[in-house]
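Residue numbers (our numbering), protein chains in the order written: chain A, 1 to 173; chain B, 1 to 72.
Treat the hints with caution; some may be incorrect.
Sample of chain A residues facing chain B (criterion: CB under 8 Å; computed from the structure) [said to hold, decoys possible]:
{"id": "1", "residue": "A28"}
{"id": "2", "residue": "Y52"}
{"id": "3", "residue": "G108"}
Stretch by stretch, here's where chain B covers chain A in the computed footprint (C-beta under 8 Å, at least three residues) [what the hints assert, rightly or not]:
{"id": "4", "segment": "16–25"}
{"id": "5", "segment": "66–73"}
{"id": "6", "segment": "121–134"}
{"id": "7", "segment": "155–168"}
Calculated from the model, a selection of chain A residues having no Cβ within reach of chain B, i.e. all distances over 10 Å [claimed, not checked]:
{"id": "8", "residue": "R59"}
{"id": "9", "residue": "R82"}
{"id": "10", "residue": "N137"}
Simulated from the structure, these hints should not be mistaken for laboratory data. The beta-carbon is built from N, C-alpha and C at its ideal position, and this holds for glycine as well.
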Amino acid sequence: MDLLRRFALGEIDAFETLVRQFQGDIYAWIVRIVRDPGIAEDLTVETLWRIYRARQQFRPDRNFGAWARRIATNLALDHLRRKRPEQRLVAEPAADSQPDHLLQRETGEKIQQAFRRLPAKLQVATMLALVEERPYNEIADALGTSAGAVKLRVFRAVRILRKQLIHLGVRPE
Amino acid sequence: MIEPDDRQIRQALRQLFPPVNTELHRDLWPAVLRKLDARPVPMPWYDWALIGLSASVFLFFPQLILVFAYHL
Numbered sequence: 001m002d003l004l005r006r007f008a009l010g011e012i013d014a015f016e017t018l019v020r021q022f023q024g025d026i027y028a029w030i031v032r033i034v035r036d037p038g039i040a041e042d043l044t045v046e047t048l049w050r051i052y053r054a055r056q057q058f059r060p061d062r063n064f065g066a067w068a069r070r071i072a073t074n075l076a077l078d079h080l081r082r083k084r085p086e087q088r089l090v091a092e093p094a095a096d097s098q099p100d101h102l103l104q105r106e107t108g109e110k111i112q113q114a115f116r117r118l119p120a121k122l123q124v125a126t127m128l129a130l131v132e133e134r135p136y137n138e139i140a141d142a143l144g145t146s147a148g149a150v151k152l153r154v155f156r157a158v159r160i161l162r163k164q165l166i167h168l169g170v171r172p173e
Numbered sequence: 001m002i003e004p005d006d007r008q009i010r011q012a013l014r015q016l017f018p019p020v021n022t023e024l025h026r027d028l029w030p031a032v033l034r035k036l037d038a039r040p041v042p043m044p045w046y047d048w049a050l051i052g053l054s055a056s057v058f059l060f061f062p063q064l065i066l067v068f069a070y071h072l
């Protein structure tokens, strides 16, 4: 019997093999969204746990990686929804008192603030499409939607960001 | 679809979010195994409430099933 069939039947050895095979891919996908290695590891463990719980819903003729990625994306989305918008996403740069750098840093913080205020689904689509440059089809698959819907989300996110930045008095360089 | 300003925003986002290291540095299987051993699978009360609510709505307004199915 093949590996996926054995996993769907609840064989723990088959699941262990799948974990070892896919944990890196799942982690890489999540860390691209949440941008924090520690949180990404926790979410990867949670994703793998949920995958095992949902094994009876998995059809062995389907693509396991794509199914796992969709569960991981949902968890990352939940994480972004729970997270406060004020929370920083990237590490603080070293203190620098030069006026230009202070201005740049302030602008960066405002852009990040505006980005964090976007709905989680728009954040994920924008992060994966514009920052990570993942293919629209891949993002659509992970979000359980069409490539057209992903493009629309990115378009909406950019429009909202532009409005918010104008409101905050920021013009991206 | 991307206007000049949009390109600036894309550029700003790329500068703000530098590439992350996507490599996993440890095996997560022991942590998964611990979690599998530790957690039962309880169904939260709000899931039951949602199921009950949906069932009642569909019972009293069966035509909504079609609307619901259309949006799936």
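Practice task
Starting from the hint list further up, note which numbers the structure goes against and sort them upward.
Solution key: Of the numbered hints given earlier, the structure breaks just one, which is hint 5.
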